[in-house]
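Visitor: One letter stands for each residue in the lines below.
Protein chains: 2
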Amino acid sequence: MKEVIETGDFDFYPVEHHIIDSSTDGKKVEIKWSDGHLSKFHFIWLRDNCPCCIHPDTREPIFNIVSMPDDLLIYSVSTTQEGFLEVIWSGEPHTSYFHPGWLRSHCFDLLKKPFPEPLTWDSKNKKEPDRFDWNEIISDPKTERKWLYSLVETGCSIIQNVEPSKNGLIQIAKRIGVIRETNFGLTFDVEAKTGPDTAAYTEIGLPPHTDLPTREYQPGLQLLHCLKNSVKGGESILVDGFRVAEEIRLKEPETFDLLTSVPWDFGNRSTLTDYRWKTPMIKLDNNGKIEEIRVGNFLRVPLQIDFDLIEPMYKAYKLLETLNHDDRFKLRFRLEQGECLIIDNRRILHARDSFDSSTGERHLCGCYIERDELWSSIRMIERRNRQKRMNSALNQ
Amino acid sequence: MKEVIETGDFDFYPVEHHIIDSSTDGKKVEIKWSDGHLSKFHFIWLRDNCPCCIHPDTREPIFNIVSMPDDLLIYSVSTTQEGFLEVIWSGEPHTSYFHPGWLRSHCFDLLKKPFPEPLTWDSKNKKEPDRFDWNEIISDPKTERKWLYSLVETGCSIIQNVEPSKNGLIQIAKRIGVIRETNFGLTFDVEAKTGPDTAAYTEIGLPPHTDLPTREYQPGLQLLHCLKNSVKGGESILVDGFRVAEEIRLKEPETFDLLTSVPWDFGNRSTLTDYRWKTPMIKLDNNGKIEEIRVGNFLRVPLQIDFDLIEPMYKAYKLLETLNHDDRFKLRFRLEQGECLIIDNRRILHARDSFDSSTGERHLCGCYIERDELWSSIRMIERRNRQKRMNSALNQ
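Note that the protein sequences, when read in sequence, are chains A and B.
If you use my numbering, the first sequence corresponds to residues 64 to 459, in order.
If you use my numbering, the second sequence corresponds to residues 64 to 459, in order.
If you're looking for bench data, these hints aren't it; they were derived computationally from the structure.
Here the structure is a predicted model, which means the values were calculated and not measured.
Heads up, some of the hints might be wrong.
Put simply, identical chains are the same to the list, so a pair is met inside one copy or across any two.
List time: in silico DSS-like cross-link candidates among lysine-lysine, alpha-carbon distance up to 30 Å [stated by the list, open to error]:
1. Lys229 <-> Lys291
2. Lys91 <-> Lys378
3. Lys91 <-> Lys381
4. Lys291 <-> Lys95
5. Lys381 <-> Lys103
6. Lys90 <-> Lys378
7. Lys378 <-> Lys352
8. Lys176 <-> Lys346
9. Lys352 <-> Lys256
10. Lys381 <-> Lys205
11. Lys95 <-> Lys341
12. Lys209 <-> Lys229
13. Lys103 <-> Lys378
14. Lys378 <-> Lys176
15. Lys95 <-> Lys378
Please take these sequences and the hints and turn them into a complete structure.
Guide: Okay, here's the thing in structure tokens:
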């Protein structure tokens with residue numbers, strides 16, 4: 064517990080390397096670790112992250128950059144008997160103590176991506192989503208970790224042996240985080256309905272699409288849990304939208320430029336609501352990396368762009384849709400009762416074949432969760448692993 | 064009702080102009096209207112928006128661009144007795160009928176922004192958020208419209224005479240749309256608490272911030288409803304983040320470049336969750352327009368960027384924070400019992416002065432809604448207005 068408070072936040076930082084030397088020129092600190100690794104830290108960053116300048120309960124920073132003295136510098140650094148880095152400040156009567164485990168884990172040269180990169184797939188290198196057993200997920204932290212990482216990497220997974228009920232769905236959702244309610248409800252029932260307000264609630268086949276591209280914030284994760292599936296037809300189809308986008312980028316760069324720069328009009332209207340969003344179908348991040356896909360033939364409203372762009376944009380859309388419908392990119396499988404499909408809705412398109420209600424029943428129950436709930440869950444698993452490593456080191 | 068179905072969607076399109084002439088070169092249609100206005104429509108766009116190619120229940124498009132014949136062209140156009148545009152297709156045995164009201168409202172030359180642009184403000188041109196009376200909002204559609212447009216333009220408003228309870232808050236939220244639940248709950252109580260998990264739940268002053276910059280999707284709207292406020296202190300402060308960003312763009316363009324391009328580390332950790340998001344503090348859209356602000360001194364985790372960027376980024380952050388704290392940009396007011404403050408959380412920063420719980424009680428109840436719920440509400444008001452215009456024309 065002492066160690067936790069000393070690091071300033073709620074996390075755990077096992078001490079696996081010791082500071083054997085530290086020096087400063089007043090503006091940066093250089094540290095040599097017991098394994099020979101060298102780190103350097105900037106004085107403003109160290110001042111900002113002083114572990115005593117946090118609120119004792121919330122553990123949130125209370126240091127305010129606005130009131131930092133202009134002449135602040137480091138007066139001296141040294142290592143305490145407990146192995147902490149002691150920083151005495153000049154320009155402000157303050158001393159900071161940095162926990163060696165915390166400091167090492169924040170070394171700027173060791174920074175790495177917190178999560179694995181997406182591993183894009185097509186029907187050649189993937190046949191079905193990875194499957195996991197619900198009882199193993201809730202009883203074995205290693206299986207849970209494997210499941211969550213698989214979801215980050217491949218953008219899809221199936222959990223088996225889930226209670227075939229709305230309650231079964233909610234259990235999985237709550238394992239990850241908070242459900243995002245929409246105008247379709249906290250959860251929604253995908254079955255052939257009377258007076259459907261969207262194509263999903265009919266028997267017709269659904270073309271590959273993301274859910275709610277019509278919203279400013281397209282839901283991050285979608286869960287589709289199979290309560291009943293005895294109909295003829297209704298097979299599930301997934302397409303890795305990032306993989307299709309990569310193909311277009313490689314083979315039709317001009318089309319890719321249109322799809323990533325010209326906004327497209329999405330919409331979903333009912334008698335009660337009128338959601339619309341206008342944005343390119345493929346979104347790139349600041350570094351040009353593919354970040355998000357929006358597509359849904361039935362979730363469009365009339366395109367409103369410059370007249371001269373209409374023909375090239377429809378041509379680009381046709382290419383995108385042609386590839387989305389190409390078997391080269393499709394995973395096709397049958398979701399069985401008690402199986403819950405989870406997809407990254409900002410990357411993976413889903414579709415279904417039409418089905419015939421007279422041959423049986425088909426009933427899925429779905430919900431949405433933000434994607435950062437998944438990332439929070441992964442961080443918490445890693446935090447608990449660090450806690451275990453720390454405790455086992457303390458007990459040795 | 065006939066008219067509604069003929070336009071293909073759920074909206075209403077009063078016929079205020081008639082088609083007096085139409086012609087085609089096979090690829091585009093030119094229309095002359097009774098007021099002299101000219102429109103042109105592209106053949107692919109018209110084919111895509113054929114009002115009979117929608118699902119009869121969901122009113123969603125079922126035309127699929129992938130199966131459009133390569134040799135599709137317009138064979139002829141004419142005006143029907145009812146005033147509809149008739150398009151006979153070549154390359155496909157199909158005829159489309161376009162409703163004149165619908166067609167006119169989609170004229171490419173008359174396209175306009177669906178919503179007013181943000182009118183940014185500082186303490187010189189604005190003293191307090193616009194105030195509206197809850198009973199007038201729910202009884203008078205014109206007041207409701209005025210309220211919603213004011214919220215879009217100024218990014219903030221106060222509703223008065225609201226039942227000072229959680230129920231009062233939920234009534235307002237549901238008037239706009241679906242509440243976005245977070246790890247802080249469906250609604251959250253802002254008061255001094257034992258064991259607070261964030262600074263909001265203490266007595267300390269809160270610096271100007273947006274809520275949950277720590278999430279991939281920063282909530283669009285925040286509602287803060289005052290149930291009790293009898294303490295000394297605890298005044299409310301708002302800052303127009305777009306206005307501050309404009310100031311930096313104008314006066315310190317290099318700093319603006321850093322704030323819009325270098326990602327910043329936000330985070331909110333508790334014993335149960337670990338939300339983090341890394342993104343620039345000021346986000347621009349594809350056209351360089353300021354789109355979103357994220358800021359919250361207490362909602363940060365240690366910055367992890369290239370070592371060489373640390374000093375310039377802290378300098379940029381200091382400037383941003385200095386301006387956010389500058390009285391030139393602040394609205395300051397006291398939220399009274401029964402008043403509900405609503406802000407665009409991706410634009411407007413909010414803050415509060417510290418207060419002293421021994422002098423009375425201060426209890427706000429808050430929740431989040433996505434911003435596009437607001438836009439959907441505005442579209443529905445405009446749709447009802449169009450319905451009224453149509454009905455009154457039909458009755459004449």
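Visitor: Indicate which option fits the pair lysine 176, lysine 346 if close means a Cα-Cα distance not exceeding 30 Å: within, between, both or neither.
Guide: both (20 Å within a copy, 22 Å between copies)
Visitor: When Cα atoms must be at most 30 Å apart, do lysine 381 and lysine 103 count as within-copy, between-copy, both, or neither?
Guide: Close across copies (22 Å), not inside one copy (52 Å); limit 30 Å.
Visitor: Are the CA atoms of lysine 378 and lysine 352 at most 30 Å apart within a copy, between copies, both, or neither?
Guide: Classified as both: same-chain Cα gap 23 Å, cross-chain 28 Å, threshold 30 Å.
Visitor: Give the relationship of lysine 209 and lysine 229 under a CA distance limit of 30 Å: within one copy only, between copies only, both, or neither.
Guide: The answer is within: 25 Å in one copy meets 30 Å, while 41 Å across copies does not.
Visitor: Can you tell me if lysine 103 and lysine 378 fall within 30 Å by alpha carbon in one copy, between copies, both or neither?
Guide: between (53 Å within a copy, 19 Å between copies)
Visitor: Using 30 Å as the alpha-carbon threshold, which applies to lysine 291 and lysine 95: within, between, both, or neither?
Guide: The answer is neither: 61 Å in one copy and 55 Å across copies each exceed 30 Å.
Visitor: Classify it for me, lysine 95 with lysine 341: is the Cα-Cα distance of at most 30 Å met within a copy, between copies, both or neither?
Guide: Classified as between: cross-chain Cα gap 29 Å, same-chain 52 Å, threshold 30 Å.
Visitor: Using 30 Å as the alpha-carbon threshold, which applies to lysine 91 and lysine 378: within, between, both, or neither?
Guide: between (55 Å within a copy, 16 Å between copies)
Visitor: With identical chains treated as interchangeable, where does the CA-CA distance between lysine 95 and lysine 378 reach 30 Å or less: within a copy, between copies, both, or neither?
Guide: Between copies only: 28 Å across chains, 59 Å inside a chain, cut-off 30 Å.
Visitor: One pair to classify: lysine 90 and lysine 378, alpha carbons no more than 30 Å apart. Within, between, both, or neither?
Guide: For lysine 90 and lysine 378, the Cα distance is within 30 Å only across copies (14 Å; inside one copy 57 Å).
Visitor: Which holds for lysine 229 with lysine 291 at a C-alpha limit of 30 Å: within a copy, between copies, both or neither?
Guide: within (12 Å within a copy, 39 Å between copies)
Visitor: For lysine 352 and lysine 256, with the copy left unspecified, which applies at a CA distance of at most 30 Å: within, between, both, or neither?
Guide: The answer is neither: 40 Å in one copy and 43 Å across copies each exceed 30 Å.
Hints 4, 9 and 10, counting from the list given before, are not met by this structure.
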